[in-house]
Structures are given as C-alpha cells and as structure tokens.
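So the protein sequences, as listed, match chains A and B.
Each number in my numbering corresponds to the 1-based position in the first sequence with 5 added.
Each number in my numbering corresponds to the 1-based position in the second sequence with 5 added.
Hints are computed from structural coordinates only; laboratory data are not their basis.
Some hints could be false.
Just so you know, same-sequence chains aren't split out, so a pair can sit in one copy or run between any two.
[Unchecked claim] Simulated pairs of lysine to aspartate or glutamate, DMTMM-like, Cα-Cα distance not exceeding 25 Å:
{"no.": "1", "residue 1": "Lys10", "residue 2": "Asp335"}
{"no.": "2", "residue 1": "Lys10", "residue 2": "Glu95"}
{"no.": "3", "residue 1": "Lys307", "residue 2": "Asp266"}
{"no.": "4", "residue 1": "Lys120", "residue 2": "Asp85"}
{"no.": "5", "residue 1": "Lys120", "residue 2": "Asp281"}
{"no.": "6", "residue 1": "Lys307", "residue 2": "Glu201"}
{"no.": "7", "residue 1": "Lys91", "residue 2": "Asp64"}
{"no.": "8", "residue 1": "Lys307", "residue 2": "Asp291"}
{"no.": "9", "residue 1": "Lys307", "residue 2": "Glu95"}
{"no.": "10", "residue 1": "Lys125", "residue 2": "Glu323"}
{"no.": "11", "residue 1": "Lys307", "residue 2": "Glu287"}
{"no.": "12", "residue 1": "Lys125", "residue 2": "Glu385"}
{"no.": "13", "residue 1": "Lys91", "residue 2": "Asp266"}
{"no.": "14", "residue 1": "Lys7", "residue 2": "Glu36"}
{"no.": "15", "residue 1": "Lys307", "residue 2": "Asp276"}
{"no.": "16", "residue 1": "Lys7", "residue 2": "Glu323"}
{"no.": "17", "residue 1": "Lys120", "residue 2": "Glu385"}
{"no.": "18", "residue 1": "Lys10", "residue 2": "Glu82"}
{"no.": "19", "residue 1": "Lys307", "residue 2": "Glu323"}
{"no.": "20", "residue 1": "Lys91", "residue 2": "Glu155"}
{"no.": "21", "residue 1": "Lys96", "residue 2": "Asp281"}
{"no.": "22", "residue 1": "Lys96", "residue 2": "Glu385"}
{"no.": "23", "residue 1": "Lys91", "residue 2": "Asp63"}
{"no.": "24", "residue 1": "Lys56", "residue 2": "Glu109"}
{"no.": "25", "residue 1": "Lys120", "residue 2": "Asp335"}
{"no.": "26", "residue 1": "Lys84", "residue 2": "Asp403"}
Next come the chains, spelled out residue by residue.
Protein chains: 2
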Amino acid sequence: MKVIKYPQRDAWPELIRRPAIDHRQLSVVVENILSDVQRDGDRALSTYTLKFDGIALDDFLVAESEYLNADIYVSQELKDALDIAKANIEKFHVMDVTPRSVIETSPGVTCWKRKLPIEKVGLYVPAGSAPLFSTVLMLAIPARLAGCSEIVMCSPSGVDGFVNPVTLYAARLCGVTSVFKIGGAQAIAAMAFGTETVPQVHKIFGPGNQYVTEAKLQVMRTGTAIDMPAGPSEVAVLADDTCLASFVAADLLSQAEHGTDSQVLLVTDSDDVISDVLSEIERQIDLLPRREIALSALANSKAILVESIQTGLDLLNEYAAEHLILAVADADAIAEQVTNAGSVFIGNFSCESAGDYASGTNHTLPTNGAARAYSGVSVESFTKTITYQTVSREGISDLGPVIETMAAAEGLDAHRNAVSIRRASETR
Amino acid sequence: MKVIKYPQRDAWPELIRRPAIDHRQLSVVVENILSDVQRDGDRALSTYTLKFDGIALDDFLVAESEYLNADIYVSQELKDALDIAKANIEKFHVMDVTPRSVIETSPGVTCWKRKLPIEKVGLYVPAGSAPLFSTVLMLAIPARLAGCSEIVMCSPSGVDGFVNPVTLYAARLCGVTSVFKIGGAQAIAAMAFGTETVPQVHKIFGPGNQYVTEAKLQVMRTGTAIDMPAGPSEVAVLADDTCLASFVAADLLSQAEHGTDSQVLLVTDSDDVISDVLSEIERQIDLLPRREIALSALANSKAILVESIQTGLDLLNEYAAEHLILAVADADAIAEQVTNAGSVFIGNFSCESAGDYASGTNHTLPTNGAARAYSGVSVESFTKTITYQTVSREGISDLGPVIETMAAAEGLDAHRNAVSIRRASETR
C-alpha cells in the first residue's frame, strides 16, 4: 500500500480518483458483438462462446438433469448456509414492499402511485476466477419479492460445458425461471434483444467485467434498463486506535483478493494503525491461496493518514466507497454523518464478508464513486412506479383555471382546450 | 390518423413499434461536444452557444437583476396558478419521504437503510418552441423535498440573451440554486464535468431533444447518473362508447401539439368512437395555433379497433405508454389491470393536462416503452439509499459459520478469514 500522510484538501480529488477506463476501443468491440447477436441470434452466441470461452455450445439453456446433478453435488452444510443467508436477505429486502398511499391533492383530484414488478428481468452472474453464487441470491431474491414474472439468468459455463453447480442450485432455490450458459457482452446482448432461445427482458442486473459493463451501457440506448454501471469492487476502512489491526488487515485483504483491480483504502488518524495494519497484512497475506491477486491489488492501494477522524470522514464522503467500514470509537455517531457510500459496516465486528453473504443487505452496490447518485440493488430495483389520477367533474371545475392559465402561458392551447372543453360540458 | 381494424396479435409488435433513431452519427457529434466542454470548459460553451443558438454569451449565470425582471413580468394570475400547482405537487411528492426501518435479521445482526439526498443535481429545461416552465416545478420540487443541497439548472436563452421569465420565476419559487443560460448537449456536458462557472453535479434530470438524450447516455460512462433516456412524448387513450368523443379528441390533440414526433394512439372497441373522434379532431384542430405541428404528429398516429376493451388493454400493456387515459365504463377496474404505463388518467374528466401541470403527479415520465422498466421522476429519483449494518460479537459468533461456509465454497479465503479472525478473538 502507498502511505500518504496529511494530504492537503486540494490534493483530495487526485487521491480519490479511480483508474479511468478508455472506453473507445472497448466500445467498438462491444458494438459489433451487440449487432451480431441482434442480427444472428443464437448463431452469433455460438460463435462468440467458442471464440471467447473456447466452448462449442449449440444449446444454451441449462437442462433439468443439470439441476439434479447440482442438487447432488452441493453439500448439506452449504445448502443449510444458503437457506440461512436466503432467509436473512428476504427479511431485510421485504421491508421495501410498500403499501399504496392515496392523496386528494385538491377537491375532486385524487392521486396515488403503485409499485409494480418489472415483468421480465435478466440477471448476469459472472464465473471467471470464482463461482459467485452469492450474486444469484442477491439478485434473484429481490426479483422474486418484487414479483417479476420471468427471471432469466445468464452465466458462462466452465470448459466442461456446465454452469457451476452451486450457482445452479442457488438459481433454483431462489426461483430463477431459466438459466443460459452464456457469458460476456454476448449474454447482455442476448437478454436485451432476445434470440430464438433467450427471452428478451426489460432490465438487466449484475456485475461483470468492462465488456459486460460497456454492453449494459450500450443496450440502454435501445430501451433496456440496467441496475447500474459496475466497476471494480472497493472497500474503504476508517479506523482510529480503537480498531483491531488484525481485523482491519483481514477486511482489506478480503477486498484485495477479488481482483487485481480492486480498490482498497485505509484512512486513519493514527500512524500506529497504519504500521500495525501493514504488518498484519504481511503476516496474513502469505496464508492466502489468492495471494498474488491480493498483492497486486494492494500495490495500487492507499493508506492515508489524516489530522482527525472528522477529516477522514469528509475525505471518504467525497470518495463514496462501495463498502465503508467504520472501525472507530464512536462508529454509530460517525455512521449518521456518512453522506456517500454503498453500504456501511459499523464497529469492529461488522466485517464486509457479513454483508457479502448472509447478514441480509444486498452486495450488488455502486462502485467507482457511483454511490454519490446510485443505490445498491433492492426490491425497488425490480419494480417501476406507475402514478394514477382520478379527476372528477368537480375536480376539473375547481382546478381547471389553474391548468388553463399555465397551459396558455406555455403557449399550448390544445392543453388548455382539453380542460376548457370539460369545464364547458358541466353547463350542459 | 391511420385506422387499423382488428389487428392480429402477431402484428402487435410492429403496431406498437416506435420510430427508431439512428444514433451513430448523433453519437459522434455529441462525443465531440462532450470532449470539447470537458477540455475547454466555458470557452467551449461560448463557442457552441454561438454556433447552435446564435447567441454570443460570455457569462452564463443568470444574474439577480434577471430574477427581479422576471418577477415583474409574470402576472399575478400566473403566480397564483404556480402556487396552487406547487402545493399540489408537494402534497403528492412528499408521500415518498419514508422513515428508516431497522431489522435484526439474525441475533446480533442489525441492518437498516436510509434514503439520503443526492447532494448535487442538475436540471435541464428545454426552451425551443414553448417555454416549459412546468418542467421546472416537476424537477425542482422533488429535488427540494429530497433535500439536495445544490440544484443547478440549465436552460437555453432566447435570441435576446435572456431565459424565459416564467422559467426563471418558477426556478426561484422552487428553490433552484443557480440557473445557467446553456442548452443542448453542451449543457449536459457542463453539468456532468463542471466548468469554471458551472458546478459539476452527480445526476442530471430533464427532457430534451435527441442530442440532449444522447449526451445524457454518454455521460453515464464517466459516472454521472441520469433520470431516464427521454424520447418524444406520447399519449394512448383506451376508449369505449361511454367516452366523450370531444374530450378524447382534445386529449389526442394536446399530445399532438407537443411536436411533430409526438406519439398518439387511440384504442377502442367501437367503430363509432373512431369516426366520432376523427371528426372531432378535424373540428378542433382548425382552432389551434400549433395546428401544423399537430397535423404532422397525427399523420403518424394510429387509431386501432380491437375486439374488446380487454384486448385493447393487453395491447396497451405491451405498448407501455407514457400517458394512458382510460375513457371506459369500468375505468377503475381497468386501471388495476394496467401493468405498463408512466401515468394513468382514469375516467372522462381526467385529462392529461391535469397531470402535466397541477394535479400533483409528476410529468417527467418514461417514454418510448421505457415504462416497462422505468418510473417517472419522484422524490426517490433525487435520493440514493445507503444500507447499514452492525454486527455484534454475538452476531458474528452466531452467523459466522454460514459466512465461512459460503466464502470457502466461492474460493474466497480472505473473505472467510475476516470472519474466522473475529470468531477466534472471542476466545481470548
């Protein structure tokens, strides 16, 4: 980790800058994949799956026998763990389900809104270096709670032509409608446009590499919604001398093992915390199977010494971390002052791993500073809101003149006339 | 209007298809504007404002004197109308403000979420053929209710170098922080990147032409959020023989006068309704100042005769109209069956104009079929949600094994270790 001591405030923007991705070349590659899939459907999917994943596949839909094999493969211990995680995630996410509220804004003018499920949704679950079955729980559970009628999932198969069995088991457990063995930008294209076998969906969710993210951004143009633009995963820890260096080191490493591009940040008001955490990292890292990945992520990571925890909090509010761990004395009070973060972990025993898997909160969170404007995935992400109004004869008589005055001032006479013709009809 | 009778269900996709925009050329033009503004700031804004709007401007910030002039210009009648509209919009939108709810998902594991304002937001208010000051109300009121600390607005000035006075009056009335005389893609660029005078914002809202929409989609790549991709405005009316043809005609015309690309759709189970509405349109259209625009929009519009109101509803659920008017006998019951729409107007006296200006609901709504996955603007659009968790020593002891099992199964040992190290510390 790079250690930076007492940076000036005008150096903050540089300090909190994430690595920029040059999307131009990426953009052309992805544009071609999208148009090929849109034009050639399944045939293009076969071509790209062979090209990028080295697998010859004609049939992408996961068969019933594969779910049965998955069920045999997954240990009872893991099944029990998944059940508990699922129950906790459901308990937390069901809080989103809100009753409709109706208001009479003006006599005879009644307005309300209703959250309805997005009918068809697509979940992308990457495979790559680790089988991320926890992502299935985090996307499919809120989709089900929202009431989505079709939940399509794409995940690349291994070289054996099979999707990871735990991923499949989790998909079935959480009510995914169908799983397709497709990865990368071509998976996003398949769900956005639909092919002979893959159904077209209205919104696409899930993490992925920069090709997947670029594809998600591009399909927005043709009307498919997305959860958020994803970037490399991040953790920031705000620590004072009440923290436990071994815990902080473990949390930083759990982020660093995700990928070489993971963003790891330690902010503290104590020089001792920095040196203790750094030596703990050295001790713990040697025991990790993913040591090389973690080492490489840490090379780009920063430990920042600040004058006070308040200054550290200001810096982190500007940074807007995906995960923010508060390992400080008055963590509860500090948590109230957080203005930008994806998910906040309060106190020494609240590790990011808890939220990653089983505490109940969602782990699909805004990265790359997006937490300034985006939220993590929730049941709401799988719904859209429709507004309704009933205006009675009395209502239009009463509010009509206001509408007529405004429409006239905007020079929209037909808008005014739609009111006038109704008001005039009263007198009949 | 084109009249289509009893279309087969397999002809629906073609029938509800909106005109496609070829974004490729557009994309390059906008990309250049964005990179110029990002590099040259205010200087680029001056160049583009001269080039596209024909106005030489060095200072884009609206001065205090211009607000004073606006205050003198706007009639008392219009001020009163704006006050009533504002009060209704506030009454409806304040319903979004939700209290925090806390849940203990597992013993010692407490999770909650909190909606916080997006700190800096940008509103784009087009000028063009009509001064759309109502859009100021629809964007600034929820921004204020959400608690955004900086509300920046861009709107192009007229050839006289001044922003429409009613737009300015509304901006001040609704608590906009600062207004800049900038239009088009360059306005989106200015708010996304910030310039010497325009503050950078985290999320950009508001309608606009295809350059504005393309610019909004492009700035998402560099981390700015947007409300939704906007397209031409739309209304669909579902009518049976209980409708009043003159009302329906007035509603269709109020949409048609927006622009030549407005989408207008009449769906009915009655041949008489089609002929009555068409003759009412002929009668009413001649009285409209914006007759030519309306005529041209109607040329691309469709009146569709269906077997039953239920079939019509199915068709309209696939269409996902921005505005959906239900002028049918059992409108309340039909409204409950709507699955895709931006805003629904129930019964003969509920005209779209009411929602456009003053009933309380928002008029910034998903167009172009986006209502399948997007919602209209609300207070929620100006907030993001942060999730929080506190895990106690007891909590990690209890839930820890579940997390460890799942982390191990994903091959993420450092994730597991972050739990194990905490569980082990108990025994000390």
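Give me the numbers of the hints this structure contradicts, sorted from smallest to largest. Per hint list: 2, 4, 5, 6, 7, 9, 13, 14, 18, 21, 23 and 24 violated.
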